[in-house]
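Each chain is listed here by its residues.
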Amino acid sequence: MSKYFNLAWVFTLLAILAVGGGTAVLPEMQHLTVDEFHWITKGQFRAMYSLGQVAPGPNMLMVLLIGHKIAGATGALVVGLAFFLPDCILTLIANRLWERFKGSPWRTAVQEGMAPVAIGLMLAGTFAIARLSIFNLTSLLIAVLTFALLMWRHINPALLVLAGGVTYMLLPHVLRHMFPH
Amino acid sequence: MSEASAVAGAGARVSLGVIFWTFLTAGAISFGGGVVAYLREYTVSDTKWLDDEAFLDALEISQTLPGLNAVNMSVIIGDKLRGIPGAAVAVLGLVFPGVVVIMGLGAVWQEQAHDPQVKAFLIGVAAAAVGLLSTVTLQLGRKQFAKPLDLAIITTTFIAVSILRIPLYIVLIGIGSAAIWLYWPGARQERLEERARQLRVRLIHRSYTHLRH
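Here the protein sequences line up with chains A and B, keeping their order.
In this text, residue positions in the first sequence follow the working numbering: the first is 335, and each later residue adds one.
In this text, residue positions in the second sequence follow the working numbering: the first is 180, and each later residue adds one.
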């Protein structure tokens, strides 16, 4: 029972802190699920994040896998509700109130002030994934090339993400084939 | 989509089924993030449920509030169309395909977790995701990166989380309230910018007079 309770409050907390979206809470999520509660290892966190990248829709559905790992289907359900429901309710209420403050300088202050904080948090989330996945030349090249291609052309990012996976999987074999010994 | 387009039209009441189906389609085909772009296509361009301004307004609110942008957008658009039931079916439609796929992938992965090929593939995916996340962050923050005050807030936030490892709630309360305070009516931010401008003018002037001597 305490398992469900812990899952519920950790992901509710993460939901409330997710200013700037899912990427923004990645460092905190990793800290809580890996270092604090030892629910999963760093490698499992990375793998689950990657599975979220290859699934359609919001990438952060990967949180369901964390819940499933800890407490099966019920765990996935608990995490799903805890991570998504609070923000939905908050948005519903805030959006209805927000309309009334349209054009008010306070609304502008909150939006203008929080925007750079959100960007800083997204940067931190990106850095967290970089620390998990970039540890040799190949992975560094995959990240840099993906970045360069996306900045240069409008390419479907899903293709590049898959290409990154295939490259990392096959490159050692290709190299061994080209340079035996 | 033809069903949705047929129902659309000025002021027509959109059925819950159509809302569900529209968000389901957006949730199913938006691989690799970019859900918001599809939502714009479906709810603004195709069905005319919203005009561009209303969509951007909703996006602004979604980004300020906690939660995933695409999910918050679905709540706002669904609520606008059919109240709370509309918001509920919009969110359920959006996440449904992803939930099915991720649970399936998770099951396969748990069987194959120790396969070195699978491990390598997922490392490559994460590395590529770093490139993708960097572009998304740069594009979303284009305005902020160009503004000295915002750049300072971005840098402080990043250092606090990634290097100093300060808990997120403290970062949000501390830096968040400081940032809002800087932008609070009373034009602190404008005064700061004015002071920065004067300093710059003085420095340019000094180097200029220095050059003349």
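No lab work stands behind these hints: they were computed from the structure.
Mixed in with the good hints, there may be bad ones.
What the hints assert, rightly or not - Only some residues are given here: those of chain A computed to face chain B with a beta carbon under 10 Å: (1) S336; (2) N340; (3) A342; (4) L351; (5) P420; (6) N429; (7) T460; (8) L483; (9) V508; (10) H511; (11) M512; (12) P514.
Note that the coordinates shown come from a computational prediction; the quantities given were computed from them, not determined experimentally.
Think of the CB as a built atom: it goes at the ideal place given N, C-alpha and C, for glycine as much as any other residue.
Here is what the structure says about each hint:
1. For S336/A, the interface hint is violated, the least distance from its beta-carbon to any beta-carbon of chain B being 22 Å, above 10 Å.
2. Proximity of N340/A to chain B is violated relative to the hint, the smallest CB-CB distance being about 17 Å (cut-off 10 Å).
3. Hint on A342/A is violated. Least Cβ distance to chain B is approximately 17 Å, over the 10 Å limit.
4. The criterion of a C-beta within 10 Å of any C-beta in chain B is met by L351/A, whose closest approach is roughly 5 Å, and the hint holds.
5. The criterion of a C-beta within 10 Å of any C-beta in chain B is met by P420/A, whose closest approach is roughly 8 Å, and the hint holds.
6. Interface restraint check for N429/A: the shortest CB-CB distance to chain B comes to about 5 Å, inside 10 Å, so the restraint holds.
7. For T460/A, the suggested interface contact is upheld, since its CB lies about 4 Å from the closest CB of chain B, less than 10 Å.
8. Checking L483/A against chain B: minimum C-beta separation of about 8 Å stays under 10 Å; hint holds.
9. Below 10 Å, beta-carbon pairs count as interface contacts, and V508/A has none with chain B, the closest being about 12 Å; its hint is therefore violated.
10. Hint status for H511/A: violated, given a least beta-carbon distance of 16 Å to chain B, over 10 Å.
11. Checking M512/A against chain B by beta carbon gives a least distance of about 18 Å; that is not within 10 Å, so the hint is violated.
12. A cut of 10 Å between beta carbons decides the hint on P514/A: the least distance to chain B is about 20 Å, and the hint is violated.
Comparing the model with each earlier hint shows violations of hints 1, 2, 3, 9, 10, 11 and 12; every other hint is respected.
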